[in-house]
Amino acid sequence: MPSGLLRRVAMVAAGAVILVGAAACGGSTAAPAAAAAPAAAAKGQLVIYAAEGYDQAMADAFQKQTGIQVKLSDMSTGPLVAKVQAEGSNPQWDVAWFDGDGTMATLDAQGLLLKGWEPANAANYSSLGKQLVPQDQSYAPTGITAAAAIAYNAKLVPADQAPQTWTDLLKPEFKDAVGMNNPAISGPTFPVVAGFLYGMGMTQGEGFFTQLKANGLKIFATNKPTLAALSNGSIKVAFVQDSAEIDAIKSGSPLKIVYPSDGVTMLPSAIGISAHAPDLAAAKQFLDFALSDAGQKIMLSSGGGDSHFEPIINGQSPNADSQRPGVKWNMVPASWQAQHYDEIQSWFKANIVGG
Amino acid sequence: MALGITALLVLIVYPLAAVVIQAEFPHLFAPQSPNARFDPAALIRVFRTPTDYRMLGDSVALSLGAAVFASVAGGALAVVLGRTDLPGRAVFAGLAWVNLLIPSFLLAEGWTFLLQQGGLLSHFLTEPGWMQNVFTTPWGVGAILALKFYPFAYLTVSAALPWLGGEHEAVARTLGASTTAVWRRVFIPLLLPFLASAATIVFADVLSDFGVAITVAESHQFPLLTYGIYSSLYNQPTDYAGAGALALLLGVAVATALLAQLLILRKNRFATIHAGFRPPAPARLRPQVRYPLLLAVILFFAVALGAPAGSILVESFLKGSAYGIITVQPTLANFASLAGPTAHTAVLSLGYSLRLALVTATAALALGTLLAYFGTQGKGGTGQFLQAISLWTISVPGIILAAGYVFAWNQRWLSSIGLELYGTVFALGLCYLAGGLPYVLRFQMGALSQLDRRMMSAARVQGAGVGAVLTRIVTPILAEGAVSLWLFVLAGTTFELPASEFLYPPGQPTLAVEINHFFSESSYGQGMALAIATAAVLITAVLILRLLMRRRLPAAVRAQAPARTF
Chain A
290 MPSGLLRRVA
300 MVAAGAVILV
310 GAAACGGSTA
320 APAAAAAPAA
330 AAKGQLVIYA
340 AEGYDQAMAD
350 AFQKQTGIQV
360 KLSDMSTGPL
370 VAKVQAEGSN
380 PQWDVAWFDG
390 DGTMATLDAQ
400 GLLLKGWEPA
410 NAANYSSLGK
420 QLVPQDQSYA
430 PTGITAAAAI
440 AYNAKLVPAD
450 QAPQTWTDLL
460 KPEFKDAVGM
470 NNPAISGPTF
480 PVVAGFLYGM
490 GMTQGEGFFT
500 QLKANGLKIF
510 ATNKPTLAAL
520 SNGSIKVAFV
530 QDSAEIDAIK
540 SGSPLKIVYP
550 SDGVTMLPSA
560 IGISAHAPDL
570 AAAKQFLDFA
580 LSDAGQKIML
590 SSGGGDSHFE
600 PIINGQSPNA
610 DSQRPGVKWN
620 MVPASWQAQH
630 YDEIQSWFKA
640 NIVGG
Chain U
8 MALGITALLV
18 LIVYPLAAVV
28 IQAEFPHLFA
38 PQSPNARFDP
48 AALIRVFRTP
58 TDYRMLGDSV
68 ALSLGAAVFA
78 SVAGGALAVV
88 LGRTDLPGRA
98 VFAGLAWVNL
108 LIPSFLLAEG
118 WTFLLQQGGL
128 LSHFLTEPGW
138 MQNVFTTPWG
148 VGAILALKFY
158 PFAYLTVSAA
168 LPWLGGEHEA
178 VARTLGASTT
188 AVWRRVFIPL
198 LLPFLASAAT
208 IVFADVLSDF
218 GVAITVAESH
228 QFPLLTYGIY
238 SSLYNQPTDY
248 AGAGALALLL
258 GVAVATALLA
268 QLLILRKNRF
278 ATIHAGFRPP
288 APARLRPQVR
298 YPLLLAVILF
308 FAVALGAPAG
318 SILVESFLKG
328 SAYGIITVQP
338 TLANFASLAG
348 PTAHTAVLSL
358 GYSLRLALVT
368 ATAALALGTL
378 LAYFGTQGKG
388 GTGQFLQAIS
398 LWTISVPGII
408 LAAGYVFAWN
418 QRWLSSIGLE
428 LYGTVFALGL
438 CYLAGGLPYV
448 LRFQMGALSQ
458 LDRRMMSAAR
468 VQGAGVGAVL
478 TRIVTPILAE
488 GAVSLWLFVL
498 AGTTFELPAS
508 EFLYPPGQPT
518 LAVEINHFFS
528 ESSYGQGMAL
538 AIATAAVLIT
548 AVLILRLLMR
558 RRLPAAVRAQ
568 APARTF
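So the sequences go chain by chain: A and U.
290 is the number of the first residue of the first sequence in my numbering; add one for each residue after it.
8 is the number of the first residue of the second sequence in my numbering; add one for each residue after it.
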């Protein structure tokens with residue numbers, strides 16, 4: 290086949306295709322594309338990256354109340370953090386919101402978060418809430434769940450034989466019948482592991498997991514397969530984030546939850562403001578909104594499984610499905626989690642998941 | 008040519024390189040004091056860690072096995088449906104299409120729901136243990152992946168098949184060859200390039216698969232390379248250097264596969280579409296072959312399509328299926344919820360995603376075909392470069408390319424020259440294009456290599472212009488395959504998640520983002536219903552289109568030569 294001519298036609302056509310394609314994409318969504326221009330971003334537009342069930346409801350309510358245009362990017366936590374880090378020193382986001390203050394501390398250590406600013410509504414924090422605010426005020430906790438509580442299948446385990454402490458999971462009757470998530474895949478599971486190692490001390494904490502493994506611990510990827518295995522009786526007991534356990538029960542799963550007497554590790558949800566937020570004023574206003582009565586009410590009612598959290602704002606109470614009578618909260622400092630992240634992950638991977 | 012290559016560099020090479028280069032220069036994009044200090048620690052770690060070797064070995068072995076199985080199954084199916092008078096051919100061809108169009112996360116979910124501990128299978132069988140055990144071995148996972156990807160081989164071979172004309176067989180028969188000899192010496196060698204090309208695509212696709220690998224294989228039993236990539240990305244802080252090093256390793260694996268393909272096929276490419284082309288004759292099957300074959304094809308679809316699709320359908324009619332709760336009371340609640348207010352924006356996002364997918368599929372087809380044309384002209388260096396880039400892109404999990412787009416297009420120096428691509432729908436569209444392009448390139452290079460150049464030269468000698476050659480000869484021959492490709496990219500883009508999640512302009516979620524949001528906020532049934540409803544709409548549209556297309560095919564393809572028995 291000849292031809293310089295054909296080749297030139299082809300080149301022009303290829304260029305045209307790209308341009309037309311791009312123009313058509315833009316054309317179908319003309320308004321938002323224009324809004325992304327720097328001029329419009331300068332004032333009155335808030336960009337939120339969030340991984341919370343109630344994020345859309347909060348974005349809508351905030352926009353309605355303030356008139357500030359809110360652009361929400363809803364993602365899973367893993368991609369969210371990866372995206373924030375990829376944007377690096379040229380961030381396009383104002384506010385990031387997800388479960389896990391340890392992860393927030395990691396972002397803080399990289400200089401990605403605004404420090405030293407206290408929202409006016411921080412005055413609303415309960416005493417527990419105040420303890421969770423980091424010294425450099427680089428993020429604000431908005432609520433807590435248990436990183437893991439014990440859930441057992443009530444069809445297989447009578448209530449009087451249910452485990453009451455973490456060490457009960459080592460009993461012979463739970464041999465090959467305990468499940469958890471893999472912390473390398475499931476974000477909220479790292480604080481669980483860190484919680485044992487911090488609370489018991491490194492050596493004893495590792496010893497606990499080694500014994501669990503010897504008792505036939507099963508590791509699944511994420512909440513969904515773990516809770517499926519528990520619900521359908523392949524295992525008798527599991528420990529995952531309690532908001533997911535509560536949600537499973539609401540979906541008809543025959544589970545019962547135990548908050549062990551030796552305590553559960555708390556998993557705070559937290560908001561961080563970008564150190565280079567394109568719209569800092571709007572970001573600060575949003576953070577105050579999340580700590581306000583109006584904001585908390587929305588979070589507690591419209592987030593699916595994520596609404597099953599324990600408020601840390603005075604005057605708020607958890608929704609009816611998520612009562613935690615007699616729960617004892619254990620705290621793992623976020624900075625400690627960030628410091629020991631690599632060490633704990635690689636130990637767990639080598640000795641508990643593999644090996 | 009230059010522009011085509013530039014497009015490829017901008018769309019694929021630059022973003023991928025932005026991640027891979029961090030394996031050598033980890034501080035290049037650091038938020039605080041970025042610098043270009045050379046530090047190959049991540050690369051060295053990969054080569055020093057025995058588990059990484061094992062992951063690579065396991066991944067390559069699994070992908071090879073699945074690629075061979077998928078090519079044989081897809082190729083055989085294409086031959087049976089394209090070259091025999093088996094009853095119900097049109098229906099089976101449609102089923103293969105349905106299989107191709109169901110988004111892979113739904114297929115993975117279907118297999119999981121079926122096979123997980125206490126899943127659907129164990130609910131109906133008293134002793135399903137052995138089956139579950141089989142499916143968690145490398146063999147079982149390989150089989151599931153092959154059943155997921157066989158439609159590529161089916162598509163490739165059935166696009167080539169009508170043009171493997173009867174004239175070759177006529178010559179062989181004149182020279183006294185038996186039926187077996189015709190198959191062994193003529194048809195199979197002619198099909199081999201297409202099978203090999205399909206096999207390399209499956210190989211690359213299996214390498215990049217994460218869904219099946221993690222859910223069915225329960226990663227820890229034999230961790231795969233994608234598992235390593237995801238745990239690098241979910242590391243704190245995100246370990247882009249580690250992910251880049253593993254992506255580089257994938258590139259090496261793919262290059263090796265491509266080299267193997269080149270060596271195998273060195274003497275084996277034939278242009279089969281030429282002026283002496285005679286429409287092939289379908290074989291009339293003898294009854295003792297016909298019915299066992301029919302049964303085999305039915306069984307194949309029962310497993311490849313019936314099992315996972317049936318399983319997700321069952322799941323979508325159950326309330327607590329997210330937690331593996333299997334009851335005998337079906338409910339329409341999941342589908343009914345789509346009409347409710349909580350699903351309003353999600354349903355709207357479907358239109359947005361479809362529009363984007365239409366543009367992407369069209370652009371990918373046009374650009375891919377042009378690049379494929381360049382790649383099949385000339386000496387072959389360009390062609391091999393294009394093949395290598397295509398396969399590498401397919402083998403790297405989508406999330407890496409998407410992250411690469413952030414690094415590549417969210418740079419201050421770009422804003423300073425007025426190029427604000429990141430955060431707009433353009434970046435998302437271009438990343439979709441980059442994801443769809445490699446498939447078009449691979450398929451079209453295969454199709455174009457079938458064309459005998461002398462046919463076009465002859466037309467030119469007789470006074471036909473370039474336009475006439477393109478519209479009267481090339482287009483009709485490539486049309487059917489091109490429409491298939493277009494539909495495939497369209498469907499894939501509609502459900503694309505990793506790029507969507509990373510790159511959608513804030514405030515404008517795509518369909519996959521909405522489905523993912525439902526999944527993660529535990530409105531699992533609602534997400535499932537949305538995904539299934541969309542897939543059903545797409546599949547119906549595609550089947551209708553294909554039906555219409557059949558009536559408009561060039562006469563040569565439809566012409567039925569006198570049937571023979573063999």
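Derived from the structure by calculation, the hints contain no laboratory data.
Treat each hint with caution, since some may be false.
Pairs of lysine-lysine, BS3-like flavour, derived with a Cα cap of 27 Å [to be verified]:
| hint | chain 1 | residue 1 | chain 2 | residue 2 |
| --- | --- | --- | --- | --- |
| 1 | A | Lys573 | A | Lys586 |
| 2 | A | Lys545 | A | Lys617 |
| 3 | A | Lys573 | A | Lys419 |
| 4 | A | Lys460 | A | Lys545 |
| 5 | U | Lys326 | A | Lys539 |
| 6 | A | Lys353 | U | Lys326 |
| 7 | A | Lys460 | A | Lys502 |
| 8 | A | Lys444 | U | Lys326 |
Pairwise CB distance ranges, derived in the manner of DEER restraints [unchecked claim]:
| hint | chain 1 | residue 1 | chain 2 | residue 2 | range |
| --- | --- | --- | --- | --- | --- |
| 9 | A | Asn504 | U | Leu339 | 50 to 56 Å |
| 10 | U | Thr349 | A | Gln500 | 41 to 47 Å |
| 11 | A | Gly333 | U | Leu339 | 41 to 47 Å |
| 12 | A | Met489 | U | Pro348 | 46 to 52 Å |
| 13 | U | Ser40 | A | Gly541 | 20 to 26 Å |
| 14 | U | Ser422 | A | Leu417 | 39 to 45 Å |
| 15 | A | Gln500 | U | Gln336 | 38 to 44 Å |
| 16 | A | Gly333 | U | Phe45 | 40 to 46 Å |
| 17 | A | Thr355 | U | Ala543 | 37 to 43 Å |
| 18 | A | Ala409 | U | Ala24 | 32 to 38 Å |
| 19 | A | Ser590 | U | Gly313 | 52 to 58 Å |
| 20 | U | Val259 | A | Asp582 | 53 to 59 Å |
| 21 | U | Pro299 | A | Gln500 | 55 to 61 Å |
| 22 | A | Ala570 | U | Tyr21 | 47 to 53 Å |
Quick reminder that beta carbons are idealized off the backbone N, C-alpha and C, glycines included.
Comparing the hints with the structure gives:
no.	hint	in the structure
1	A:Lys573 with A:Lys586	19 Å, holds
2	A:Lys545 with A:Lys617	18 Å, holds
3	A:Lys573 with A:Lys419	18 Å, holds
4	A:Lys460 with A:Lys545	19 Å, holds
5	U:Lys326 with A:Lys539	10 Å, holds
6	A:Lys353 with U:Lys326	34 Å, violated
7	A:Lys460 with A:Lys502	12 Å, holds
8	A:Lys444 with U:Lys326	19 Å, holds
9	A:Asn504 with U:Leu339: 50 to 56 Å	43 Å, violated
10	U:Thr349 with A:Gln500: 41 to 47 Å	44 Å, holds
11	A:Gly333 with U:Leu339: 41 to 47 Å	43 Å, holds
12	A:Met489 with U:Pro348: 46 to 52 Å	47 Å, holds
13	U:Ser40 with A:Gly541: 20 to 26 Å	54 Å, violated
14	U:Ser422 with A:Leu417: 39 to 45 Å	43 Å, holds
15	A:Gln500 with U:Gln336: 38 to 44 Å	42 Å, holds
16	A:Gly333 with U:Phe45: 40 to 46 Å	44 Å, holds
17	A:Thr355 with U:Ala543: 37 to 43 Å	41 Å, holds
18	A:Ala409 with U:Ala24: 32 to 38 Å	47 Å, violated
19	A:Ser590 with U:Gly313: 52 to 58 Å	42 Å, violated
20	U:Val259 with A:Asp582: 53 to 59 Å	58 Å, holds
21	U:Pro299 with A:Gln500: 55 to 61 Å	56 Å, holds
22	A:Ala570 with U:Tyr21: 47 to 53 Å	36 Å, violated
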